[in-house]
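From first to last, the protein sequence lines stand for chains A and B. Note that the first sequence covers residues 17 to 129 in my numbering. Note that the second sequence covers residues 1359 to 1472 in my numbering.
Any given hint might turn out to be false.
Stated by the list, open to error - Distance condition first, Cα-Cα at most 30 Å in a straight line; then the derived DSBU-like pairs of lysine-lysine:
no., chain 1, residue 1, chain 2, residue 2
1, A, Lys81, B, Lys1400
2, B, Lys1459, A, Lys81
3, B, Lys1459, B, Lys1414
4, B, Lys1414, B, Lys1429
5, B, Lys1414, B, Lys1426
6, B, Lys1429, B, Lys1459
7, A, Lys23, B, Lys1459
8, B, Lys1400, A, Lys23
9, A, Lys23, A, Lys81
10, B, Lys1414, B, Lys1400
11, B, Lys1400, B, Lys1459
12, B, Lys1459, B, Lys1426
Simulated from the structure, these hints should not be mistaken for lab results.
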Amino acid sequence: SAVISQKPSRDICQRGTSLTIQCQVDSQVTMMFWYRQQPGQSLTLIATANQGSEATYESGFVIDKFPISRPNLTFSTLTVSNMSPEDSSIYLCSVEDTGGGYTFGSGTRLTVV
Amino acid sequence: GESVGLHLPTLSVQEGDNSIINCAYSNSASDYFIWYKQESGKGPQFIIDIRSNMDKRQGQRVTVLLNKTVKHLSLQIAATQPGDSAVYFCAEKSSGTSYGKLTFGQGTILTVHP
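So here's chain A without its partners, still in its complex pose:
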């Protein structure tokens, strides 16, 4: 399965600022997925990032708040913009493995104060 390097692993940010999270995959993948996991809850898909096209956002998530870049087939970034305490969550990237399963990064634990 793919190996994903995600950073930062955690951060504490001031409200109103932005944080960019990076995910690097050790192999080329067509799609990368970004999830949010709010405290004590399950994972919710934010958007799907394809290389060379705009990301596809799920209901309740918008590009202005969560801009995504996908410059090549092994890398993607998610920015959490104009943060508020409600954005405190774990953010995870994921890719589909060749065998059909999905591998996740270790997550970025974001606390907004």
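Given the coordinates of chain A, work out where chain B should sit on it, guided by the hints.
Chain B alone, transformed into the frame defined by chain A:
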């Protein structure tokens, strides 16, 4: 809308016992299911998967059962160990999605007492 839910939010077992974690799904078009284990401070780790053309699949100490009639999925862990303590999520993907969108259940906290 689509949803994947769990019957039991928490489960406590003694070391050596067998554990069963349940999951209900509502999308009859779902054709692929995955169980994940998430330890504190880590991302979800793949445990086992099953496709809708199967009823049962076994791994090392784990078995997944799929009942499509009642749209129910379960994860059985044999001889549960303290290292199995974690949050367990089921996830499903439907054949109707053109990309690999996973829908996750709410999670079950498994605590194994020595």
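Comparing the hints with the structure gives:
For the hint linking Lys81/A to Lys1400/B, the alpha-carbon distance of about 25 Å falls within 30 Å, and the restraint holds. For the given pair, Lys1459/B sits about 20 Å from Lys81/A by alpha-carbon distance, which is consistent with the 30 Å threshold. For the hint linking Lys1459/B to Lys1414/B, the alpha-carbon distance of about 23 Å falls within 30 Å, and the restraint holds. Annotation: proposed proximity of Lys1414/B to Lys1429/B holds, straight-line Cα distance about 14 Å (limit 30 Å).
Under the criterion of a C-alpha separation no larger than 30 Å, the hint pairing Lys1414/B with Lys1426/B is consistent with the structure, at around 11 Å. At roughly 19 Å between alpha-carbon atoms, Lys1429/B and Lys1459/B fall within 30 Å of each other, so this suggested pair holds. At most 30 Å may separate the alpha-carbon atoms for a hinted pair to count; Lys23/A and Lys1459/B meet this at roughly 23 Å. Using a Cα cut-off of 30 Å, the hinted pair Lys1400/B and Lys23/A holds, with the two alpha carbons roughly 13 Å apart.
At most 30 Å may separate the alpha-carbon atoms for a hinted pair to count; Lys23/A and Lys81/A meet this at roughly 19 Å. Under the criterion of a C-alpha separation no larger than 30 Å, the hint pairing Lys1414/B with Lys1400/B is consistent with the structure, at around 28 Å. A threshold of 30 Å between alpha carbons decides the hint, and for Lys1400/B with Lys1459/B the separation of about 21 Å falls inside it, so the pair holds. At most 30 Å may separate the alpha-carbon atoms for a hinted pair to count; Lys1459/B and Lys1426/B meet this at roughly 20 Å.
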